[in-house]
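There are 2 protein chains.
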Amino acid sequence: MNAEIITIGDEILIGQIVDTNSAYIAKELNKIGISVFQITSVQDDKKHILEALENAQNHAGLVILTGGLGPTKDDITKTTLADYFEDTLVRNKEVVAHIKHIWKTYIKQPLLQVNLDQALVPSKAKVLMNQSGSAPGMWMENNTTVFISLPGVPFEMKALMQNEVLPRLSKQFELPFILHKTVLTYGLGESVIADRISEWENNLPKSVKLAYLPNLGRVRLRLSSKGYDKAVVYKSIHNEIEKLLPQISDVFVGFEEESSIEQIIGNQLIKSNTTLAVAESCTGGRIGAQFTANPGASAYFKGGVIAYDTTIKTQVLGVDKPLIETHSVVSTEVAEAMALGVQKLYNSDYAIATTGNAGPSKGDSDAEVGTVCIAIATPHRVFSKQFTFGKHRERITTKAVHMALTLLQKEIF
Amino acid sequence: MNAEIITIGDEILIGQIVDTNSAYIAKELNKIGISVFQITSVQDDKKHILEALENAQNHAGLVILTGGLGPTKDDITKTTLADYFEDTLVRNKEVVAHIKHIWKTYIKQPLLQVNLDQALVPSKAKVLMNQSGSAPGMWMENNTTVFISLPGVPFEMKALMQNEVLPRLSKQFELPFILHKTVLTYGLGESVIADRISEWENNLPKSVKLAYLPNLGRVRLRLSSKGYDKAVVYKSIHNEIEKLLPQISDVFVGFEEESSIEQIIGNQLIKSNTTLAVAESCTGGRIGAQFTANPGASAYFKGGVIAYDTTIKTQVLGVDKPLIETHSVVSTEVAEAMALGVQKLYNSDYAIATTGNAGPSKGDSDAEVGTVCIAIATPHRVFSKQFTFGKHRERITTKAVHMALTLLQKEIF
Chain R
-8 MNAEIITIGD
2 EILIGQIVDT
12 NSAYIAKELN
22 KIGISVFQIT
32 SVQDDKKHIL
42 EALENAQNHA
52 GLVILTGGLG
62 PTKDDITKTT
72 LADYFEDTLV
82 RNKEVVAHIK
92 HIWKTYIKQP
102 LLQVNLDQAL
112 VPSKAKVLMN
122 QSGSAPGMWM
132 ENNTTVFISL
142 PGVPFEMKAL
152 MQNEVLPRLS
162 KQFELPFILH
172 KTVLTYGLGE
182 SVIADRISEW
192 ENNLPKSVKL
202 AYLPNLGRVR
212 LRLSSKGYDK
222 AVVYKSIHNE
232 IEKLLPQISD
242 VFVGFEEESS
252 IEQIIGNQLI
262 KSNTTLAVAE
272 SCTGGRIGAQ
282 FTANPGASAY
292 FKGGVIAYDT
302 TIKTQVLGVD
312 KPLIETHSVV
322 STEVAEAMAL
332 GVQKLYNSDY
342 AIATTGNAGP
352 SKGDSDAEVG
362 TVCIAIATPH
372 RVFSKQFTFG
382 KHRERITTKA
392 VHMALTLLQK
402 EIF
Chain U
-8 MNAEIITIGD
2 EILIGQIVDT
12 NSAYIAKELN
22 KIGISVFQIT
32 SVQDDKKHIL
42 EALENAQNHA
52 GLVILTGGLG
62 PTKDDITKTT
72 LADYFEDTLV
82 RNKEVVAHIK
92 HIWKTYIKQP
102 LLQVNLDQAL
112 VPSKAKVLMN
122 QSGSAPGMWM
132 ENNTTVFISL
142 PGVPFEMKAL
152 MQNEVLPRLS
162 KQFELPFILH
172 KTVLTYGLGE
182 SVIADRISEW
192 ENNLPKSVKL
202 AYLPNLGRVR
212 LRLSSKGYDK
222 AVVYKSIHNE
232 IEKLLPQISD
242 VFVGFEEESS
252 IEQIIGNQLI
262 KSNTTLAVAE
272 SCTGGRIGAQ
282 FTANPGASAY
292 FKGGVIAYDT
302 TIKTQVLGVD
312 KPLIETHSVV
322 STEVAEAMAL
332 GVQKLYNSDY
342 AIATTGNAGP
352 SKGDSDAEVG
362 TVCIAIATPH
372 RVFSKQFTFG
382 KHRERITTKA
392 VHMALTLLQK
402 EIF
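The listed protein sequences correspond, in order, to chains R and U. Take the first sequence: its letter number 317 is residue 308 in the numbering used here, and every next letter is one higher. Take the second sequence: its letter number 127 is residue 118 in the numbering used here, and every next letter is one higher.
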């Protein structure tokens, strides 16, 4: 079964927001065996939406729409769906009651006619109750295709996908099993890796597809397979991974689907009953933010010092002033002193420190833009490395975060 | 002139990556007067790409493609473009020289045949030199439509857009002027705002389009207009903004296009020659990361303490243990003590502190999941508020960051 995702909203087409809904929906559909053939973003324009619905119906057995269900005048998805199905809008009692309930309980602002009108749905639509908001989801069918309309607010869309859409699709259709497994590597370019593993790649069975995904020093290798026998699909991927790993053991980091590198590190720390603290200058809190994005981080993450200003490095982290004067604030020596400083101050087992110049101007130090020093303190030692990460501020800090995590991950056992 | 953006790559359609390229391209095209009619994401599949090209040509005078130009076997954009234009691939000498240069100077890994093959382009294509990578951009035309193919790596795509694509489009076509202006508000729901400003909205001139963009406690109101006379377009938006602002002065924060709220705060701090420090518990470094993402943050951002573990709040920030025992670690009292603690330790004029429970379990405190206390210290006073931000970890911390910045922004003069 092929699906098409249609996201509706001018804000996407003028580049004001990035469409993150499509990636989420695509990933979740893949998990239950539905491939996404195309993602289409269209304007809040009736003629254009009708044309997109028509095109999608020609390609896909399932069309998921998001957006355009709000209470304001720029939202036209419902009336357009009614037109497409030659239907009229009717008031759904259950949704009216739900809207009254949430306004009374949570919103505590006046309930307006436009809010109540969110209970209007095409008469042919099966309503999917939205527990997280006022715009209901809708499920409509014709001879060839299922159309599902969901609100554009990511939180509401996600809840409806999990509670209503995915279970109903799994029940109504017999779906194959799709498996993606992504190998994370760090340290070699994609063409060098491709060259090294070319014999393996050329001998891949037809059922296994390979893709290379390079990104700021990391290359991800994604293997995909699909079939009705779950065990066969698993085995075909597993066999190929077993042949692949020995060829790239020097750059292999882990598997993406299982966990991010922060989660891999978190699990290692929990397993060894140890803790982590960070001292961040050029990364400004991003490493801390990445760890604490994971539930349960408090088991191993003590916190950190964002030592953006040089005085914080000396006064809070206890880095010696003469050390900074001798080696410059962007130096491996200062990075090591920062790592040891936060390790001591926070009484942690491991510590990461970053100091660098992310540009665009030179700032506190003489270091060239793009120079970053990273230090790792472990219970046994401290070490550091200096890198040059280009000229682009956001890329410099992202590369620094990637590298710091990669360096730490190899140290924890 | 209408444009369509086609992004190519299975990684988008299985939801492995979010397509951020389209938003960037759409925004940049808007700036030079080109509206984007549709964004289409398709698989690495020849038949499907050909069909998308055909469809796009029927709608659009400009088609921008990204992705599928890498050196590995899954990349098929170039051969597909050659098919579409009934053309063959030829080796471009300038690109060969460029590839040899970057391999020798930066990559320092073996130069393989697949890397050199990146210099193969359709004979009818005008090459757009990619100074940031090895895959060249391509510009092809037929009677009705300009097709531009760009690499999928965001950094390379962006450089080609700025250096080659946008200047060439502006030169070749006479384009209108498009203006979007987005009013940021915080504190009222979209339907209440819509109700309050309905008379103004109903009387908007036809040339001005309004959209509501609600997001986690914020509602953005976007006004758009388009025309060949820049002064007229500016004036039409400006007039409407002037009428709108007095009606929403209690919830108005600023304008999005000019700057994010972090930048607004940064400019206020620079203007008043004051500094900021942060003490982050539940936000884990995100506030620091948002400030330091902006160039020049070192002028006002001293840094912060990520006080994730309770011991850090007492030992590093100097919060009294009895205060925590009496009021719990998630309390306005502790938030205020954290703000004052980091203000003193970092010798800053302003400070933000956050402490809360982002879930999923209760953690160190008795506070319900979703409870967040935020404190602001200024040169004159300290104050705090307690919030309940729902049950969803990522939304709780995002709302906390939004709220903390909004509270601080109102205090700086």
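Just to be clear, a hint being listed does not mean it is correct.
[Stated by the list, open to error] A partial selection of chain R residues facing chain U, derived with a Cβ cut-off under 7 Å: (1) Ile30; (2) Pro167; (3) Asp186; (4) Gly208; (5) Val360; (6) Gly361.
[As the list claims (entries may be wrong)] Quick list of simulated restraints, FRET-style, between CB atoms: (7) U:Thr11 - R:Lys117: 27 to 37 Å; (8) R:Lys197 - U:Glu77: 48 to 58 Å; (9) R:Ser263 - U:Pro158: 28 to 38 Å.
If you are wondering where the hints come from, they were derived from the structure by calculation, not from laboratory data. If you're wondering where the values come from, they're calculated on a predicted model, not measured in any experiment. Even glycine gets a Cβ: it sits at the ideal position worked out from N, Cα and C.
When you take the CB atoms of U:Thr11 and R:Lys117, is the distance between them in 27 to 37 Å?
Since the Cβ atoms of U:Thr11 and R:Lys117 sit about 34 Å apart, the hinted range of 27 to 37 Å holds.
Satisfaction of the R:Asp186 interface hint, Cβ to chain U closer than 7 Å: holds (5 Å)
Discussion item. Min Cβ distance, R:Ile30 to chain U: is it shorter than 7 Å?
Written reply: holds (4 Å)
Fill in: Restraint satisfaction for R:Gly361 [CB to CB of chain U, less than 7 Å]
violated (12 Å)
- Message: Using the nearest Cβ pair, does R:Pro167 come within less than 7 Å of chain U?
- Response: For R:Pro167, the interface hint is violated, since the closest Cβ of chain U sits about 14 Å away, which is over 7 Å.
ask   = Honestly, do R:Ser263 and U:Pro158 meet the 28 to 38 Å range at C-beta?
value = violated (55 Å)
Next on the checklist: Given a cut of 7 Å on the nearest C-beta pair, is the interface hint for R:Gly208 held or broken against chain U?
Outcome noted: violated (12 Å)
Exercise. Confirm or reject the claim that R:Lys197 and U:Glu77 have a C-beta distance inside 48 to 58 Å.
Key: violated (30 Å)
- Item | Closest C-beta approach of R:Val360 to chain U relative to 7 Å, hint status | Because about 10 Å separates R:Val360 from the closest Cβ in chain U, which is outside the 7 Å limit, the hint is violated.
Violated hints for the displayed structure, listed by number in ascending order: 2, 4, 5, 6, 8 and 9.
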